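Chains as they are written, first to last, in the numbering used here: chain A, 16 to 372; chain B, 16 to 372; chain C, 16 to 372; chain D, 16 to 372.
Note that these hints are calculated values from the structure, not bench results.
None of these values were measured; they are calculated from a predicted model.
The reader is advised that the hints may include incorrect statements.
Identical copies look the same in the list; a pair holds intra-copy or inter-copy alike.
[Said to hold, decoys possible] Simulated pairs of lysine to any residue, SDA-like, Cα-Cα distance not exceeding 25 Å:
| no. | residue 1 | residue 2 |
| --- | --- | --- |
| 1 | 221 | 358 |
| 2 | 221 | 290 |
| 3 | 221 | 287 |
| 4 | 221 | 75 |
| 5 | 221 | 348 |
| 6 | 221 | 334 |
| 7 | 221 | 69 |
| 8 | 221 | 208 |
| 9 | 221 | 76 |
| 10 | 221 | 155 |
| 11 | 221 | 314 |
| 12 | 221 | 31 |
| 13 | 221 | 114 |
| 14 | 221 | 344 |
Here are the chains, one letter per residue:
4 protein chains.
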Amino acid sequence: MMDAVNLLELEQLARGVMDPAVFAYVAGGAGDERTMVDNRAAFARRRIEPRVLRGLGAVDLTADVLGGRLAMPVLVAPMAHQGLVHPQGDLGPARAAAAAGAGYCLSCLANHGLEEVAAAGAGGVLWAQLYPFRDEGQTREHIARAVAAGYGALVVTVDVQAYGLRERDIRAAAALDMGALTLPCVPLAAGRTEPIPAAEAGEHMKFDLSWDDVGAIVAAAPVPVVLKGIIAAGDARLAAECGAAGVVVSNHGGRQLDGVTASLDALPAVAEAAGDALEVYLDGGVRRGTDVLLALALGARACLVGRPISYANALGGAEGVAAALGMLRAEIENALLLAGCGSAAEVGPSIVGSAIV
Amino acid sequence: MMDAVNLLELEQLARGVMDPAVFAYVAGGAGDERTMVDNRAAFARRRIEPRVLRGLGAVDLTADVLGGRLAMPVLVAPMAHQGLVHPQGDLGPARAAAAAGAGYCLSCLANHGLEEVAAAGAGGVLWAQLYPFRDEGQTREHIARAVAAGYGALVVTVDVQAYGLRERDIRAAAALDMGALTLPCVPLAAGRTEPIPAAEAGEHMKFDLSWDDVGAIVAAAPVPVVLKGIIAAGDARLAAECGAAGVVVSNHGGRQLDGVTASLDALPAVAEAAGDALEVYLDGGVRRGTDVLLALALGARACLVGRPISYANALGGAEGVAAALGMLRAEIENALLLAGCGSAAEVGPSIVGSAIV
Amino acid sequence: MMDAVNLLELEQLARGVMDPAVFAYVAGGAGDERTMVDNRAAFARRRIEPRVLRGLGAVDLTADVLGGRLAMPVLVAPMAHQGLVHPQGDLGPARAAAAAGAGYCLSCLANHGLEEVAAAGAGGVLWAQLYPFRDEGQTREHIARAVAAGYGALVVTVDVQAYGLRERDIRAAAALDMGALTLPCVPLAAGRTEPIPAAEAGEHMKFDLSWDDVGAIVAAAPVPVVLKGIIAAGDARLAAECGAAGVVVSNHGGRQLDGVTASLDALPAVAEAAGDALEVYLDGGVRRGTDVLLALALGARACLVGRPISYANALGGAEGVAAALGMLRAEIENALLLAGCGSAAEVGPSIVGSAIV
Amino acid sequence: MMDAVNLLELEQLARGVMDPAVFAYVAGGAGDERTMVDNRAAFARRRIEPRVLRGLGAVDLTADVLGGRLAMPVLVAPMAHQGLVHPQGDLGPARAAAAAGAGYCLSCLANHGLEEVAAAGAGGVLWAQLYPFRDEGQTREHIARAVAAGYGALVVTVDVQAYGLRERDIRAAAALDMGALTLPCVPLAAGRTEPIPAAEAGEHMKFDLSWDDVGAIVAAAPVPVVLKGIIAAGDARLAAECGAAGVVVSNHGGRQLDGVTASLDALPAVAEAAGDALEVYLDGGVRRGTDVLLALALGARACLVGRPISYANALGGAEGVAAALGMLRAEIENALLLAGCGSAAEVGPSIVGSAIV
């Protein structure tokens, strides 16, 4: 862990300590992994046009998100089955995120319960991700538990109409052992007392989700609802119409449909469609402070970071994640200073030069 | 065969079991193979813009083609000399295609007869490819036999004014042994009783084909005629004028003139020129479910798939082809679901983002 | 030689038989060799849009050039010091070109005399390249000798204001031994009787050439004058004004100024500026029949081919060059047939699709 | 040194003789070094459109800069800590630059004093770079000393609001030993007599620099002030408003914020904004004579060259730098001749073809 100079290096370091099948599960994307790669390439296609002599001694990295305030414009993305990665699962990362002032978005398919993770991440901005269940009662119970535990927003993932075809997973399938991991965030159906094995997640998820389903969740939820997995500007407009409070521009880290537009490339049109009606977040390929700078410039309020946190968790649990968030914070701060931006909130499109293909 | 996770992997697996000269014949393209490579790259240059929350539980993959109905929007492309690849030649692939609900387009230069292959592919959508012969009587006889055997359309290949200069073939020429293979689909000239050796195909083909020749075939054929090998929109207009029912946008898999526009790149203009007058199909580089999705979006009714079927045939005959078509079907289904498209027929240009070069 | 399937392969084959310093001299370009590489890449950036069903049984490859007729739209480019490559220097290539119906443009810095090469290439289209000399008398004498020997056009090279900085040459300088080679095409100054050693070429060339100098040559020459080394359309207009009969779009094969526009990229604007006032030729990177097809389509009347002829000469003298020209002719013929063009003269811009970068 | 044929080769040669940590410090850039690489790539994306027959026997390479005249349109860029590279630090390079007629811009963080370097570079165009100090008195003293020593312009570096995150440095940090190097150009605070150790540079620099600070320097300085580190055209306008005499388009050689636009790409808009109000210079990636040609064509009056001079200094001190400047001068001369430009001053945008990406 301590040998990494940036978040990108965590992948190779983590590969050295993780079970190969678990690494395949975390690192892989769908199909030829073109979208996964393109998520990164989209940042490299953009150019920053910095301004100088702004008299900046320090920069303000805070970001106001859905009623909470982040000390840095970053949230940990929801990632299922962190128990595969570290025995403490989400507990360490949630604690590290709270300490760093980053948000934490807990996966609905976590291996620790909503309440337990909320306790670990106490003091931080906490969001609860939700895959709506086939049984609406389970969905309602999940929302109620999340709100009771202090999660400030619900993040409904909308890009899993089916599992993506992740070929590293298919090849490693026999080797991936979920063992005794369970899904304590998934409410038990009436009469069931045994915790749900992690391998059975798909049996409970509702794949044929519709705008009506999401509308019902928005109506029922006492906290803001964010839709994660929006690429088309038209879907951002529908999200606003159905009462969502925000959207996460995301292609699920390239893990669902290969060939989908890179998140950063999709961001400007979504941000324009969102206008003031929705808060817009970016997920996918964020590894550098300059990535965050570009995302802010193109309309995001903050970024979600996924795989690097998983790798940091594998390498060092809470301490590892703290180090990763520390490196990222330092890079963001440096990027704002050198781009001539006094605060995350003021970063605008003027600092983005034309794309170089 | 069973080790392949996708159609792309079939090539390397097949290379391991095929005679090198036969592999060179199947795998190679003309010249520097730029067009062959670009056929694949053209898919990679496009981006998919998926829609979410469409309430999709399943998707309808059927495609209506020239009076028949496919269970999946795929036809096996005509490929000469499958007898080089598997002792049963086209018999296994035709059987597998019929079982999968994919169409089967039998090469005029097959090593089994029209009737025999029709029997193997009974119940499926069958098309008969035709290289018009120097002897018009042979052409008429081929058409009559094809129609009598139940082929629902004639596919006239129009891009072989000469053989392409395939350098892998030239290098392997001495090693390629057609042995006792014959061309039982080629009608015998009057008085001839010996079946035509496969190596003599070119002696019977009419290379200086004209629109008049094709017009005569259309006038004579009791089934719809599809022209395969159209790249220019202007030729699609001429195809409609001469009474063709459809066109296959194709550069012969990069096997004829190197440097020709990739099939997918040529598709939109051809589809626009075709309007409602012609059914449009795409051939060239299709390996992935997302490739089919993009082709449908840009105007194709279905895709032709060639080399991967040859490789699957080499690896496992009917069973191999069934597995290949099964993988492709699963990918198409997944692609439609994740792009938010309820059916193959409804896939339109709105799901295509801008090209990234 | 006999192992080559195309002109591109000649380079590696020739490297195996040539003196390394001579190979460096022939193969190298200026600076980082970006323009040399880009000359080839420019062809790869273009796409061909073929037409079908034109009823073509054969194609007419002839090209009318400055009062002569080529059997194929190709001329051998002027290349200095062929005596380094083969003991017979230009004699074999000139003979092979005449036999193939390709033109032959003899370098002013050849190691055989104008008359001797004209005899070898008798019956073919012969042009004489000229680096105007510091001594105008020598220039006049060169022209007179060329005309007397039957050369039908003068090709004045205009892009050598200084030698290009060819780094392979600089590195190999000590190893390159011009030995006893002389320059018999360079007229001797008054009173001099010793033939000029090849190494002293630069001492006689006039580097500070102007439009006035060229105008004087045009006025004095009894044959048409072609300017070789034009990239800017503005210079094509000046060429027409000064009475030139044609221009060769050329960057000297990337041997002069690195970073210059690729020849093919420069061609369309030069051809437009030339209109009917000038014949336009293309030089640089031509290796394939499809390259010639694209050059004709974008405005060239014929192409000059350089290095591959040098390699063929090294590999097999006249026989080697005959084989190279034979391969090229076969490719051009195939390209025209498959693009649906009945003759070299009718190839036009409509067969060129858009550039793919 | 003597083995290098061009400036690019100096890097590998120097790597062989330099301490690895010092090489990392000189060669490295910020982050993923994308901007450092792109500075070079930006030249490769441009194409030169040369003109011919201009009657050029020689070219005039002189450039008038802020009241001085360079014999070639090149200045040595300010580079800190040359004492790490060669025991004589800037003395050798300054002497070589003066001899070659290139300008010399002495770093404010040099390891030899302003006066000592001025003596070494006597007769040449000398500029003094300045990182304004936290203590305004030190800034005033630095300016006074520079002017007294004969420096003709002050170059205020404006793109160091913080140190860039140079990862090669971070990895090599423990190994980089500044030893006894000091910063004799940094004036001593009142009462201090010990020279300032090189490692303490950052303690004296004012990072939160504003336009007001620069305005005050301009007002106080008896020589022209040039701002180095301008990328945005808007900042060029502000530079003119605050009284600067010139700007250096620069991203600090890719050493500050990774992802910033390449210098050459930023140049045209800055040059347009500058109009006649400012002299414009280009810094970043200049290694070739054609690079200088392109920079002149796109609006620069001269180029700054950094790392290659450092490498040449490491390889051979004054002699090494003389050789490097000699190679560069020869390339510039060749480039102008072959582009048809009679003088550096007349190079204009007409010789630049369109960018090829």
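Evaluated hints:
1. 221 - 358: Classified as between: cross-chain Cα gap 20 Å, same-chain 41 Å, threshold 25 Å.
2. 221 - 290: neither (30 Å within a copy, 39 Å between copies)
3. 221 - 287: neither (30 Å within a copy, 39 Å between copies)
4. 221 - 75: between (41 Å within a copy, 19 Å between copies)
5. 221 - 348: between (41 Å within a copy, 18 Å between copies)
6. 221 - 334: Classified as neither; 36 Å inside a copy, 34 Å across copies.
7. 221 - 69: For residue 221 and residue 69, only the inter-copy Cα distance (13 Å) is at most 25 Å; the intra-copy one is 51 Å.
8. 221 - 208: within (21 Å within a copy, 65 Å between copies)
9. 221 - 76: Answer is between: at 22 Å across copies they meet the 25 Å cutoff, but 38 Å inside does not.
10. 221 - 155: So residue 221 and residue 155 pass the 25 Å test inside one copy only (13 Å; across, 57 Å).
11. 221 - 314: Neither. Shortest intra-copy (31 Å) and inter-copy (32 Å) distances fail the 25 Å Cα cut-off.
12. 221 - 31: Neither. Shortest intra-copy (36 Å) and inter-copy (43 Å) distances fail the 25 Å Cα cut-off.
13. 221 - 114: neither (35 Å within a copy, 31 Å between copies)
14. 221 - 344: Between copies only: 23 Å across chains, 37 Å inside a chain, cut-off 25 Å.
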